Amino acid sequence: MKRFIRANLKAIKKAPRVREQALLVRKMTGKSVAAQLREIRSLRHGPGRLDPLEYYEFGLYDDARFSPSAKREFLGKQRNREIDRLLNNPQWRSVADSKLVTHAFLTGLGLPTPKIYALYYRKGRSLASVPCFRTPEAMADFLRNGMRYPVFAKPSRSHFGEGAFRINSFDREADRLRLNTGEEIGVEAFLLRLAGFPSTKNSGYLFQEPIAQHPEITRICGSCVASVRMLVLVYDDGPRLLRAAWRIPVGQAVTDNFVHGASGNMGASVNPDTGVVERAVRGVGATIVEAEAHPDSGLPLRGMRLPHWEAAVSTCLDAAAALPRLQFQHWDVAIGQDGPVLIELNYSGGHFVSQVAGRRGLLTTEFLDFVRTHAKRFQTVDRVQPAMERSKLLGLLRIR
Amino acid sequence: MKLPRQLMKKLGLRPLMKELSQLRAAREVRQLAGKSVLSQLREIGRLRFGSGRLDASGYYMFGVYDDARFPSHTAKQEVVGWSPRVVAARLNKERWRAICDDKLVFYAILKGLDFPFSEIYAVYCGAERSFGSVPSFSTPDSMAEFLRDGMRYPFFGKTVDGMQGRGATLVRAYDRASDRLHLAGGEEIGVEEYVREYVMRRPTGYLCQALIRQHPLIDQICGGRVGSLRMVVLKGEEEGPRLFRSIWKISAGESISDHFLHGTRGNMVGHVDPGTGVVGRVIRINATGRPSAGAARRLATEVHVHSDTHERVSGITLPDWERTVSLCLKAAIAFPGIRHQAWDIAMGEKGPSILELNFRGAIDLIQFPGVRGFNDAQFQAFFTRYAANGK
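Chains as they are written, first to last, in the numbering used here: chain A, 1 to 400; chain B, 1 to 391.
It is possible that part of the hints are untrue.
Pulled from the structure, derived: some chain B residues nowhere near chain A, Cβ distances all over 10 Å [stated by the list, open to error]:
no., residue
1, S72
2, A75
3, V86
4, D102
5, S118
6, S133
7, A144
8, Y174
9, A177
10, D179
11, G223
12, G240
13, H304
14, A331
15, I333
Facing chain A, a subset of chain B residues (Cβ under 7 Å, in silico) [said to hold, decoys possible]:
no., residue
16, A108
17, G132
18, A334
Calculated from the structure, these hints are not laboratory results.
Just so you know, these numbers come straight off a predicted model, no measurement behind them.
Where is the CB? At the ideal position from N, CA and C, for every residue including glycine.
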């Protein structure tokens, strides 16, 4: 019994939310809980390996919207991780894991990426002539006397934008930093707050130049950067853009992360060839709302063409080509005033917003063909994790 | 009668030949050092089953029999027969490996961090891979055209993921009249043949770099040949990076690379004092052919002068030592996932220049000069702390 609970702890924790969703969907659509559970089970064992919450988040209970084969195209988090292990050589991951390494890499290739003003690393790091501070006292002194404002601070390693701050200015008289959210905080208190994030413990903080976003995007979305998550497949003859999802901040958001709809931000599907916004949504599942316009500015989203689109795609693909052993890449690209700016590289996590916003699963024929022809079995040596047999996984990926 | 290696292997004679060669080595050591064969065998047995796993071949290769240089069993035990793979697996995070192995990724990061390295003239790679604004080519014809009309000479060519100098070429000039490239050593090769033989050798690609102009002192000593440093850095958490060992790799003869390869190329290797940059003991292996040629033929000879130029190699102070160490340690901080870092640094006329970072730095290279074993107290403490905690 204990082993069953341990193995299924995550599922058990999610059970109340699943129940809540099931009852809500029954009320909204009339679909019985039993029918929902049957579908959940089928999709759990299907190519996408969705978990129950993902079934609701993607809205797959809606038979009017999704045919059975369309439902099976949706990719879940767990399967996404398995595909990542098949397609991405683990020996190449450090280029994506550390924002500092990514920054150095992109800078070295002459690709546009935000300038870094300072580093705050307890264990010390080097980045050309950028000052690195190892103690709170030294960092505080620099924040008071050496930092350029505004500045964007983020952890070297983080997820969903956790621990990111935009500092607009420093008030010398009050000895307080003014954040983008309107909050004013003392310098030492700010550094204490940074130390409180789990990601700060073993990595550090980057203080970088805020991206000067394209005025058209700022006009619609506000001053917070609204980046595009580009999913790229690296073929033998070069990389190709598979999907693009625009992450649109709303309200006082400091970052554009979608966070499965919990952040309040929006996600939009973008036509990879034209850069035209096809559909913009807020929320997920039963609470999903399709929006024609941005809730703050009221300006239209659907149908707008993202500026500098060709340059953004071209720059992203140039970067992707430089990492040929990471065959499935997720890039965050901002649309700056003068052109695209590469923010960061991930090798997972981009699957969610592109599927929700585009209302289409990732496991299309094109993607499956790519996985079949490019999947390799790599040794996983960092952690003891049995890599799924290639043939077994590929068998499961066949859409029935 | 000398049997071909393959035939010996088929007949199962290789282990026997290896044992016989060790007996020859034992007799030679008895003559040279006065140590009885029985004493040697006793020592070999203790070391073989100790933590260092040093076999007979290593015992002779590293001169462990010499009680003057290894006066105690503790000192002898510090010499190990470990594979670099084992050390790297325990100390280095595998996800950092490509950064070392793939030269284009590595040099891009170095460039972004403003660390000095040899300029890249051109890249040959499939799949639209490039290196910033450096000319890059993905077809043999375009590469050949560039070699004829756009390349700067001389240049050093190497595979993007090559090791130990394999596939490396030093191209001195292009003869337009004959459409041939002049390689180091006097060889000439047609442009297209060069592209086929070397540039297209590996699917990962090929890059062409400027030759590093070595410091005049090094050039004088090595006769214009390469003589770079291997700097081994141990990167701790709180204590930061420390220079653990430094070795001077000295090429000789026709070798375009200073890779030691167990002395099979006639190159030399010398211990360098990490604190002062003074070259200590320099050795040369009296062996030709493959490393498995036999222990007797791999006994190291101490040398004091370069075999070709006869310039003094031991006792000199290497140029720009403080700058070299400083560069190495600063660069080490940028790669925190690699705790055991083996840097190759060139001593250029304008200062030190980074050649590469090895993920699996050779252990035996550090031990060849026969000054000190790898697994000393410092390394043991480091290994215990970081390997025990896993990655």
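(message) Hint by hint, where does the structure go against what was stated? Just the numbers, ascending.
(response) 4, 6, 12, 14 and 15
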